[in-house]
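Peer 1: Chains as they are written, first to last, in the working numbering: chain A, 1 to 95; chain B, 1 to 95; chain C, 1 to 95; chain D, 1 to 95; chain E, 1 to 95.
Some hints could be false.
Since copy identity is lost for identical chains, a pair holds within one copy or between any two.
[Stated by the list, open to error] In the SDA-like style, the derived pairs of lysine to any residue whose C-alpha atoms are separated by at most 25 angstroms in a straight line are: (1) K95 <-> I81; (2) K18 <-> K35; (3) K15 <-> R28; (4) K95 <-> P36; (5) K35 <-> G21; (6) K35 <-> I81; (7) K35 <-> E67; (8) K35 <-> G48; (9) K95 <-> D71; (10) K18 <-> E90; (11) K15 <-> Y93; (12) K15 <-> E67; (13) K15 <-> K95; (14) K18 <-> G89; (15) K15 <-> D83; (16) K18 <-> D33; (17) K92 <-> G21; (18) K18 <-> G52.
Hints were generated in silico from the structure; no laboratory data involved.
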Amino acid sequence: MQLALVVGTVVATVKDDKMVGVPFMALRDLDLDNKPTGGSIIASDPIGVNRGEVVLYSKGSSARQTEMTRDRPNDAVICGIVDQWEVGGETKYTK
Amino acid sequence: MQLALVVGTVVATVKDDKMVGVPFMALRDLDLDNKPTGGSIIASDPIGVNRGEVVLYSKGSSARQTEMTRDRPNDAVICGIVDQWEVGGETKYTK
Amino acid sequence: MQLALVVGTVVATVKDDKMVGVPFMALRDLDLDNKPTGGSIIASDPIGVNRGEVVLYSKGSSARQTEMTRDRPNDAVICGIVDQWEVGGETKYTK
Amino acid sequence: MQLALVVGTVVATVKDDKMVGVPFMALRDLDLDNKPTGGSIIASDPIGVNRGEVVLYSKGSSARQTEMTRDRPNDAVICGIVDQWEVGGETKYTK
Amino acid sequence: MQLALVVGTVVATVKDDKMVGVPFMALRDLDLDNKPTGGSIIASDPIGVNRGEVVLYSKGSSARQTEMTRDRPNDAVICGIVDQWEVGGETKYTK
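Sequences and hints are given; from them, build the entire structure.
Peer 2: Structure below.
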């Protein structure tokens, strides 16, 4: 999984039939020091996250293992909202 | 998923049997600020997109989860046409 | 899929049993302007391509979706010989 | 698999239902000379590792092949604690 | 598949149960000119390779398609020992 900041939303009305009903969030990747890596991804959201929250997301076939994304052409999914992480005993982020 | 601009088409007459009937579009990856990242990909198109449209595409096994691409040696598929996205409340793209 | 130029062949006599009978081609990745990206890959060839041809290849589990590569430890496969591609109306390559 | 140093933990209370009960560790990737590569990942931990240990982790669908991670939206898993590795006959790390 | 040089071994006694009995080799990636790319990976070895040999390895779900690695949390496997490869008619490596 990767850490990422929820920064926005993406609207797509015309979609493959199997993507109907899946909300898309725009995420910026974070490194372990809570700095942007420069990478970004559009992930589906089965949890209901808000802009400004830090999340964990999964890629690839694992992104089809939620109820919302099963059997869909979806390759990135938010799987948790991060409360806190620490590195070497130092807290790098608290919600 | 990744954001990308549809820039062209690829013609391949001699293909693996399982790729017959799959149209290929040339895509340039976009970052969240609607700037090219430098990356590109050839994706199959089950929707019928046009050059100049911004799309979402999926990679890997998820790219085989549309009716058109099921069980095919296809590793990238367009799954939606983007109408709009915003980052931090700022609209970065409107169709 | 990615565009690539067929540049050579790889011979491996001692292989995992499931790779016997699979020919390997050396490919150099091309960008949409028909320039080498610097990347390369060894892909199996179910079509019968020749050096100097431009091909499309697929990676990951999709590379096991041809008759030749089914259930094999193969993660890259040639899936088409490119006749032509264009970007923004400009032809970038013709066979 | 990749070599990585266990550097911390990530807490996420609100998760997709299928991620409940999976502990997340923060890992820094190591190269073969036991130097950080700059990459990092959050991996689930079915073994019970401690900070400061060097581990092997797997990505993608292979990260769902442990008892703990089966059928979960999990794309990285710790699969071993490294005792030692050597390169060219020189020991690069001993626990 | 990628070309890589076998440079060493990795010992991990404490492993996920499903990784017991799988030997791990340290590999350095090679480009088509037989130069190190700077990348490296730890791959399982179902063939029995020796240090100094050049091999082909597969990643992802394809790395679980050998008898040794089936259903294991393994994401990289050696699938052949390279005897020779040529690029543009020039031999780049002979065993």
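Peer 1: Each of the hints needs a verdict: does it hold here or not?
Peer 2: Here's how the hints hold up against the structure:
1. Taking the shortest alpha-carbon separations for K95 and I81, only the intra-copy value of 9 angstroms comes in at or below 25 angstroms, while the best inter-copy value is 31 angstroms.
2. For the homomeric pair K18 and K35, neither the shortest alpha-carbon distance inside one copy (35 angstroms) nor that between copies (28 angstroms) is at most 25 angstroms.
3. Proximity of K15 and R28 under a CA criterion of 25 angstroms is satisfied in both settings, with 23 angstroms inside one chain copy and 19 angstroms between copies.
4. In this assembly of identical chains, the alpha carbons of K95 and P36 lie at most 25 angstroms apart only when taken from the same copy (17 angstroms versus 28 angstroms across copies).
5. In this homomeric assembly, K35 and G21 never come within 25 angstroms of each other (Cα to Cα): the closest approach is 32 angstroms inside a single copy and 28 angstroms across copies.
6. Taking the closest pair of Cα atoms, K35 and I81 come within 25 angstroms of each other only inside a single copy of the chain (17 angstroms); across copies the shortest separation is 28 angstroms, beyond that limit.
7. For a Cα distance limit of 25 angstroms, the shortest separation of K35 from E67 qualifies neither inside one copy, at 31 angstroms, nor across copies, at 33 angstroms.
8. Taking the shortest alpha-carbon separations for K35 and G48, only the intra-copy value of 24 angstroms comes in at or below 25 angstroms, while the best inter-copy value is 28 angstroms.
9. In this homomeric assembly, K95 and D71 never come within 25 angstroms of each other (Cα to Cα): the closest approach is 33 angstroms inside a single copy and 28 angstroms across copies.
10. Within a single copy, K18 and E90 get their C-alpha atoms no closer than 43 angstroms, and across copies no closer than 29 angstroms, so neither meets the 25 angstroms cut-off.
11. Proximity of K15 to Y93 under the C-alpha cut-off of 25 angstroms is restricted to the inter-copy arrangement: shortest distance 17 angstroms between copies versus 36 angstroms within a copy.
12. In this homomeric assembly, K15 and E67 come within 25 angstroms of each other (Cα to Cα) both inside a single copy, at 19 angstroms, and across copies, at 13 angstroms.
13. For a Cα distance limit of 25 angstroms, the shortest separation of K15 from K95 across copies, 15 angstroms, qualifies, whereas the shortest one inside one copy, 34 angstroms, does not.
14. In this assembly of identical chains, K18 and G89 lie within 25 angstroms of each other by CA distance neither inside one copy nor across copies; the values are 44 angstroms within and 28 angstroms between.
15. Taking identical chains as interchangeable, the C-alpha atoms of K15 and D83 lie at most 25 angstroms apart only when they sit on different chains, with a minimum of 11 angstroms there against 33 angstroms within one chain.
16. With identical chains, the CA atoms of K18 and D33 are never at most 25 angstroms apart, being 37 angstroms at best within one copy and 27 angstroms at best between copies.
17. In the homo-oligomer, the alpha carbons of K92 and G21 lie at most 25 angstroms apart only across protomers (23 angstroms), although the nearest pairing inside one protomer, at 35 angstroms, exceeds that limit.
18. Taking identical chains as interchangeable, the C-alpha atoms of K18 and G52 lie at most 25 angstroms apart only when they sit on different chains, with a minimum of 24 angstroms there against 28 angstroms within one chain.
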